[in-house]
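> Residue numbers (this note's numbering), protein chains in the order written: chain D, 2 to 410; chain P, 304 to 588.
The reader is advised that the hints may include incorrect statements.
[Claimed, not checked] Below, in silico cross-link-like pairs of lysine to any residue (SDA-like), each with a Cα-Cα straight-line distance of 25 Å or less: (1) P/Lys534 with D/Thr128; (2) P/Lys550 with D/Gly28; (3) D/Lys85 with P/Thr483; (4) P/Lys474 with D/Val151; (5) P/Lys543 with P/Glu485; (6) D/Lys38 with D/Lys257; (7) P/Lys543 with P/Gln573; (8) P/Lys474 with D/Ser145; (9) P/Lys474 with D/Arg103; (10) D/Lys257 with D/Gln105; (11) P/Lys543 with D/Leu94; (12) D/Lys85 with D/Gln118; (13) P/Lys550 with D/Lys257; (14) P/Lys527 with P/Gln573; (15) P/Lys515 with P/Ser492; (16) D/Lys257 with D/Thr126; (17) D/Lys257 with D/Val151; (18) P/Lys474 with D/Lys153; (19) P/Lys527 with P/Thr483; (20) P/Lys515 with D/Thr116; (21) P/Lys539 with D/Thr128; (22) D/Lys153 with D/Glu235; (23) P/Lys515 with D/Asn100; (24) D/Lys85 with P/Glu475.
It should be emphasised that the hints constitute simulated quantities derived from the structure, not laboratory data.
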Amino acid sequence: MATMSCVLEGNRVKAFGKAIHALSRIGEELWLDPMVKGLALRSVNSAHSAYTCFLFSPMFFQHYSLGSGSEQGSATIKCKLLMKSVLPLFRGLNSIERNVERSQISISTPSDRVTIQFFCRHGITKTHNLHFQESEALQAEFASHLCPNVLKAPARLLGDMVMHFPVFQEEITLSMMPLSVSFRNYCEAGNDHMKMMYTEMSLHPDEFDYFQVGVDSDITFCLKELRGFLSFAESHSLPVSVHFGATGNPVRFYIKDMVLEATVVLATLMDSEKRGPSQPIGPPNPTSPRCADAAALPAVSYEADGSKPQDIPAVTELITSSQGSPIINPPALMQLLSPVDDPDRLGVSDEACPSATTTPASTMICSLLFRALSSEQDDDGCAARLPVLACHSDAEEDMEEDYRRSPSL
Amino acid sequence: MCLRFSAAMPLSTQSQADDEQYVLVASLDNARNLSNILKAITFKDHAIFNATPNGLKVTVEDSKCLQANAFIQAEIFQEFTIKEDLVGFQVNLTVLLDCLNIFGGSSVPGVSTALRMCYGGYGFPLTLFLEEGGVVTVCKINTQEPDEPIDFEFCSTNVTNKVILQSESLKEPFSELDMTSEVLQITMSPSQPYFRLSTFGNSGNAHYDYPKDSDMMELFQCTKTQTNRYKMSLLKPSTKALALSCKVSVRTDSRGFLSLQYLVRNDDGQICFVEYYCCPDEEVE
């Protein structure tokens with residue numbers, strides 16, 4: 002039986018709630034992952050093109066303990082909750098600030114429940130017992146140290162930038178050049194240019210706490226998914242680090258303080274020439290969601306177990322997805338995707354290639370590659386097994402069988 | 304129901320002679336003192352009005368399991384004249400509220416709608432004279448024969464558990480009750496958890512506990528541990544009454560019937576009462 006119990010005091014409850022709000026902007030499910038180094042909350046959007054993780058260190062809590070009654074010793078529970086079950090509990094942040102003195106969160110395997118208790122003024126106690134599903138946690142792979150471009154700025158600066166874009170603006174483009182950084186709204190070609198309002202702001206490198214440009218690039222990403230994170234960062238007055246690379250590669254936003262750290266990784270559009278109102282690109286499929294579709298995958302990085310598989314040394318750049326985007330490397334790469342998809346699809350992928358050119362939308366958009374945290378336990382050679390998974394709840398059962406990781410299943 | 308409008312003379316010049324025809328005349332300088340409290344019980348279209356020399360009682364019922372009553376004492380009215388011991392009729396409550404708010408219902412300070420409500424007796428419509436800023440509207444709403452309100456036989460001698468709470472402490476939990484739960488379970492006990500509201504929804508269950516020594520608990524008289532469930536759909540409308548009130552008393556009797564009594568202060572600080580009676584959904588020991 003694995004358990005976790007933590008207690009949050011006063012205004013930490015509000016901060017926790019604000020993190021939940023930011024996570025709710027990303028996906029419909031919330032992963033709770035209690036670890037020795039802290040409690041991680043994660044969320045992924047359905048297209049796997051946006052990922053957020055908030056890690057609260059034990060110091061964030063008044064009390065944090067992991068019970069380990071299990072034979073395996075360090076097995077902890079990773080649970081998945083529906084965001085719509087959790088968010089209502091933290092919806093009224095002002096009310097929480099006024100009324101909640103303390104909160105206790107505990108996870109207990111035997112009952113399959115997460116218990117969230119609020120100890121409020123006047124002796125009133127609110128107890129919520131939520132069902133959870135045991136689930137492998139996800140972690141987006143992102144090699145920050147390999148990113149050529151790095152920015153660091155107070156959250157306020159970025160908040161002030163994005164404030165100028167209307168709430169309905171889905172995507173923005175961040176352009177990095179040796180002498181400036183600019184933000185502009187991204188306009189899908191085919192829209193009526195006469196009805197669009199174009200907004201562009203430029204910043205001088207001096208405005209940033211840290212500015213490193215390795216490669217000129219324009220990255221276009223979904224702003225909506227970033228707003229909650231920026232709001233959180235602003236409320237804690239934390240500087241935000243931004244790591245990214247060439248066009249089409251994912252971007253990571255990161256904040257850290259003594260007791261918590263948070264990350265947002267967003268996929269970026271692959272095909273993003275510098276585009277203004279006078280340069281519409283070829284007609285993409287106007288009905289396909291943009292940030293939501295998935296195509297290319299970011300660089301694979303392996304964790305400290307260090308063993309890079311020998312047979313895929315070339316796979317440090319873009320890896321194509323199974324969803325029809327153009328194949329950059331030979332079919333050997335497609336093997337990497339097999340655990341996600343039916344093995345039979347490997348054969349189909351060649352046929353899928355020609356269709357890539359007829360569906361321009363799919364060439365433009367990126368998704369992230371995910372790795373199940375427990376894949377470290379996988380000792381098999383990586384030729385046959387993909388150590389990095391694009392995890393989808395439907396595919397989880399298959400993958401877990403493949404990996405024989407979870408004795409409890 | 305029919306409405307007839309006319310730009311008639313201001314209410315104050317209505318001749319006394321007209322009143323001879325009415326068995327009930329009730330006047331308010333501020334119609335909101337009636338409309339606000341009626342909103343607290345408007346979950347069904349029809350309401351039964353019963354007037355006695357003590358005042359007005361308005362009853363709304365739902366599926367024979369729930370009854371809400373609003374009491375507006377005679378003292379609340381600027382004029383309350385009744386010619387019989389009991390005058391009863393039934394009207395469409397939604398229409399009545401629409402008429403009371405006919406001047407827009409916006410609460411601009413200093414401006415209010417004056418009301419003169421007149422009823423001629425069996426077979427006559429309910430006549431409303433409404434005036435604001437010199438403009439008068441006359442509404443005549445058809446009445447029906449009143450149904451007999453259900454007698455829930457809830458008497459104080461049979462009450463097993465009673466608490467009085469400050470409404471402020473209940474307003475938020477009530478408004479955030481998990482609506483995917485079909486029932487609202489109320490536990491009252493002389494021992495822990497003392498007073499507990501519980502829901503059982505799709506994502507799990509929730510409990511709101513009020514200890515007997517909470518400073519929100521004005522009265523705590525529980526003799527026996529009782530847990531009863533009530534249909535959420537029946538009780539949820541009481542949230543409106545809760546929102547208007549400053550105190551609420553919660554009582555259950557030996558059968559598990561629930562009585563909620565809300566103390567409501569109107570715009571002029573006068574006290575009115577709203578009460579809800581509800582049958583239990585099932586017995587839970």
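> Against this structure, judge whether each hint is valid.
Evaluated hints:
no.	hint	verdict
1	P/Lys534 with D/Thr128	holds, 21 Å
2	P/Lys550 with D/Gly28	violated, 41 Å
3	D/Lys85 with P/Thr483	holds, 12 Å
4	P/Lys474 with D/Val151	violated, 49 Å
5	P/Lys543 with P/Glu485	holds, 19 Å
6	D/Lys38 with D/Lys257	holds, 14 Å
7	P/Lys543 with P/Gln573	holds, 18 Å
8	P/Lys474 with D/Ser145	violated, 48 Å
9	P/Lys474 with D/Arg103	holds, 20 Å
10	D/Lys257 with D/Gln105	holds, 23 Å
11	P/Lys543 with D/Leu94	holds, 23 Å
12	D/Lys85 with D/Gln118	holds, 17 Å
13	P/Lys550 with D/Lys257	violated, 46 Å
14	P/Lys527 with P/Gln573	violated, 35 Å
15	P/Lys515 with P/Ser492	holds, 9 Å
16	D/Lys257 with D/Thr126	violated, 32 Å
17	D/Lys257 with D/Val151	holds, 16 Å
18	P/Lys474 with D/Lys153	violated, 44 Å
19	P/Lys527 with P/Thr483	violated, 29 Å
20	P/Lys515 with D/Thr116	holds, 23 Å
21	P/Lys539 with D/Thr128	holds, 20 Å
22	D/Lys153 with D/Glu235	holds, 14 Å
23	P/Lys515 with D/Asn100	holds, 18 Å
24	D/Lys85 with P/Glu475	holds, 18 Å
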